[in-house]
Amino acid sequence: MPPAPIGNHAMRLLTPSPKSRALLAPLVLLLLGTALGSPCLAQESGTHKRTLKSNDKERQFLLHIPRNYKKAVKKESAPLVIMLHGRTSNGAMAASRYYGWQELSEKEGFVAVFPTALGSPTSWEGAWRGKKTNDSVFLSDLIDLMLEELKIDENRVFMTGHSSGGFMSFSFAASNADKVAAIAPVAGLVMDKSKPALPVSLISFHGMADSIVPYGTSRWGTPTAMESAELFAKHNGCKAAERVELNKGKVHLDTWIKGKKETEVHFYSIEGGSHGWPQGGSKSVAATELIWEFFEAHPRKPDGKKGK
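Residues 0 to 307 (the numbering used here) make up the sequence shown, in order.
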């Protein structure tokens with residue numbers, strides 16, 4: 000026996016009104032976007048917890064998109080800054096006010112990404128005590144994902160990192176020079192003398208009283224802080240260094256300029272500086288702001304050149 004037909008009254012009850020449909024539409028789109036992993040959701044401003052499968056491992060990262068992103072990218076693609084945390088830390092801590100990258104992202108309009116390393120304690124493979132976790136592949140995959148999902152300028156992709164993250168940024172530039180325009184390690188060293196396939200601009204900072212990653216000696220047989228900067232200057236074919244004294248001689252800035260494809264190397268030595276992130280003041284410099292100024296001045300041009 001066939002089921003009884005649904006009456007007109009019942010049909011009216013089952014059919015949402017135009018007002019209800021209007022209210023439900025955003026929810027339906029949200030659910031569909033979540034189910035499908037829609038890139039549209041990734042373009043909403045704010046900080047998003049994300050995952051990426053790389054080398055059969057589920058990797059985590061925070062993605063911060065500034066409020067003016069959608070409006071700004073109508074004119075030009077956005078820069079991307081990848082910030083790598085230190086040993087035992089994570090992406091959430093790298094995104095904290097201590098470093099100030101989210102706040103600067105809102106002011107300057109770049110997209111910021113804060114990936115988390117593997118291990119317990121966490122550490123990047125390019126650093127001392129780092130395990131083989133294919134982090135270079137993960138970071139390369141992460142850049143590709145951002146280029147796919149967002150309107151990112153591939154010529155303005157930059158990487159910075161603290162401590163273990165500083166080591167990793169050196170390592171990534173050596174193995175993936177085509178993926179980053181410039182790097183900015185803080186309290187990190189070159190772990191080996193691998194030469195980047197392309198010139199990469201560098202700005203780095205190191206406290207001269209750093210007891211974790213010593214400034215003038217190396218516990219691991221690696222180049223020292225100054226030697227790490229000199230290696231990149233040599234790879235880039237820069238001219239001999241010039242030194243400028245800042246903050247009444249408390250900060251020494253060595254610069255190597257006129258490298259291949261207009262690359263430069265800037266190295267800040269901070270007297271009395273510890274292993275922490277330089278926060279400014281009369282005896283130090285504000286690393287985050289200086290790094291961004293350097294990044295802005297050192298994009299990769301479409302023809303492979305760097306600089307404006």
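Hints are not guaranteed to be accurate.
Below, computed lysine-lysine pairings styled on DSS-like, alpha-carbon distance capped at 30 Å [claimed, not checked]:
#1 K150 / K260
#2 K282 / K249
#3 K150 / K56
#4 K70 / K106
#5 K106 / K48
#6 K192 / K69
No lab work stands behind these hints, which were simulated from the structure alone.
Problem set entry | Non-conforming hints, listed in increasing numerical order | 6
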